[in-house]
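**Student:** In the numbering used here, the protein residues as written are 110 to 655.
Hint data in this document are derived by calculation from the structure and do not stem from the laboratory. Among the hints, a few may not be true.
What the hints assert, rightly or not - BS3-like mimics (lysine-lysine), calculated; alpha carbons at most 27 Å apart, straight line:
id	residue 1	residue 2
1	Lys165	Lys369
2	Lys186	Lys309
3	Lys165	Lys240
4	Lys570	Lys186
As the list claims (entries may be wrong) - The following label-pair restraints were derived from C-beta to C-beta distances:
id	residue 1	residue 2	range
5	Phe459	Lys218	44 to 50 Å
6	Pro500	Gln542	15 to 21 Å
7	Lys570	Asn402	23 to 29 Å
8	Pro511	Lys205	54 to 60 Å
Note that CB positions come from ideal geometry on N, CA and C, so glycine has one too.
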Amino acid sequence: MNQLLIGILIGFDLIFGFDNNNKITASEKYIQTAVKTSLTNATKTDTDNKKKLSKKIPAFPGAEGAGMWSVGGRGGKVYEVTTLEDLDFSDPKNPKPTPGSLREAIEAKGPRIIIFRVAGYIDLDKRLVVKNPYLTIAGQTAPGQGITLRNWGLNIYADHVIVRYLRIRPGDNALKKCVNPKNRSQIAFSETDSLEILGKSKDVIIDHSSMSWSNDETLSIDGRDIDRITVQWNIIAEPLHKSTHCAGAVGYGSIIGGSKGAEYSFHHNLYAHTSARAPKLSNRLNSDRDGNNDQKGLLVDFSNNVVYNPGGAYPGGVTTCLYNGANRRNTAGSNIVKLNFINNYYKFGFNSRKQPALNRFIIYGENCPRSKTYFAGNAVVNPSHGKPIIPRDPWNLVYFNPKYLDSNDIKNIKQLNPFATKMNRNRTKNPVQAYQDVLNYAGATRPFRDSVDRRILEGVKNGTGKIINDEMESCDNPKDKSTCGWPTLLSGTPPIDSDRDGLPDDWEKKYGLNQNNPQDGNLDCDGDGYTNIEEYINQGPGKPCP
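Construct the complete structure from the given sequences, taking the supplied hints into account.
**Tutor:** Shown next as structure tokens:
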């Protein structure tokens with residue numbers, strides 16, 4: 110066995126450990142393969158560089174939780190997005206991605222890092238779908254005021270995907286209007302989430318992105334074979350309530366569905382102005398339909414998130430629910446959802462139910478009494494004096510729906526100790542501090558926090574804003590219609606990059622790299638495991654070449 114593979118195996122042993130039979134687990138084999146695949150594409154003639162890149166490191170500094178070990182496009186080809194165009198219709202019967210487009214880069218194969226040489230709106234002609242693994246989308250590299258995807262959303266059906274600093278706002282697109290509500294293809298066509306993680310995706314992290322103006326859920330993870338996902342520091346807000354969806358009124362936050370021991374981490378996200386599902390949890394296996402009792406279940410760690418102005422028919426409107434959403438006929442109740450709900454901050458708004466006793470977090474367990482929740486440290490803003498309170502008995506903030514749960518069910522749901530997860534509890538803040546941090550840092554803040562996000566965040570602070578039906582109801586100044594809808598995004602000027610390796614010439618000069626060598630972007634001069642292009646994207650404190 111060569112030294113490189115030995116180094117990889119030792120690193121994985123230290124991080125993951127081995128099972129009781131001293132065999133590498135399927136998960137460990139999977140990630141080893143991911144690292145080796147990335148290394149194969151990284152400077153093939155540089156053995157020393159491969160050794161450096163074999164280190165087991167977070168996807169980027171600050172990555173946490175179940176998806177933190179995503180490799181993304183590390184060591185792969187750098188794709189420059191040089192146009193805001195999407196599809197090329199020169200052959201109307203066979204449209205293809207426009208050269209230099211985001212779609213062309215996403216549909217490419219092999220490890221790849223996408224950077225942007227343009228800024229503004231990318232008007233998608235259809236859904237943008239990630240099918241090929243090992244991808245990093247670095248929205249923070251855009252010049253000017255950044256990138257916003259419009260008309261359609263982003264779907265991920267792939268492993269090892271990193272998405273950062275991207276705005277995704279489908280909007281009330283007339284092309285998606287529902288024509289026949291009874292036609293299932295029409296229903297699928299009419300619904301557009303801003304971002305969905307689907308299929309058998311594994312090792313995905315969504316970081317510092319802004320998602321809104323969808324017409325179903327805003328961000329969802331939904332599949333039986335998905336695993337190791339992190340959603341952190343995002344704004345998930347203003348889904349459209351009565352828009353183009355065939356089902357009629359929607360405007361939801363998130364569906365979080367999984368099974369078979371999958372683990373997802375949600376932390377430091379803002380949910381704002383949702384009609385329901387902020388979020389909605391479910392085990393995607395169903396014993397009645399599938400003949401499969403999933404005893405491992407889905408494990409979700411939901412911590413340090415902020416939920417503002419949730420609406421809906423249920424008390425408080427926050428549907429942190431535990432049930433088999435795929436099929437409610439599961440009377441066996443054996444398919445489990447395990448939830449850590451820790452140090453979150455809830456604040457009601459215009460569309461929330463006004464009775465103080467009903468403004469609470471919710472767990473309602475439709476036919477799923479064997480699900481369990483650890484619920485602690487959560488704060489709710491008292492409507493009488495506007496200050497957050499954390500009750501001595503944390504379960505005072507929980508409403509158990511008597512329609513579905515009896516006293517024994519309630520007793521079984523309460524988990525006394527938190528479930529072991531990949532989240533670092535030492536980094537979990539108290540909910541008041543988390544609230545301030547989310548307002549200050551969540552969303553697509555690089556290269557620019559746009560006026561939509563600023564307005565939403567100001568509304569959270571001031572207790573203003575409401576559920577909307579289309580983006581033209583979203584106004585910086587309600588008395589001035591010119592401030593409604595889509596803000597102008599300045600294009601800016603991209604930095605000079607002579608060798609087109611994604612590293613600006615000034616940055617390469619600063620750190621002693623060669624602005625005429627396109628290969629040095631994939632080197633790891635300081636030996637920390639991150640390539641030089643990643644050092645630039647992440648803008649960490651270290652120098653790539655000391």
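**Student:** Next step is simple, just say for each hint if it's right about the structure.
**Tutor:** Now the hints, each set against the structure:
no. : hint                          : verdict
1   : Lys165 <-> Lys369             : holds (25 Å)
2   : Lys186 <-> Lys309             : holds (24 Å)
3   : Lys165 <-> Lys240             : holds (25 Å)
4   : Lys570 <-> Lys186             : violated (42 Å)
5   : Phe459 <-> Lys218: 44 to 50 Å : holds (47 Å)
6   : Pro500 <-> Gln542: 15 to 21 Å : holds (18 Å)
7   : Lys570 <-> Asn402: 23 to 29 Å : violated (46 Å)
8   : Pro511 <-> Lys205: 54 to 60 Å : holds (57 Å)
Of the numbered hints stated above, those contradicted by the structure are hints 4 and 7, listed in ascending order.
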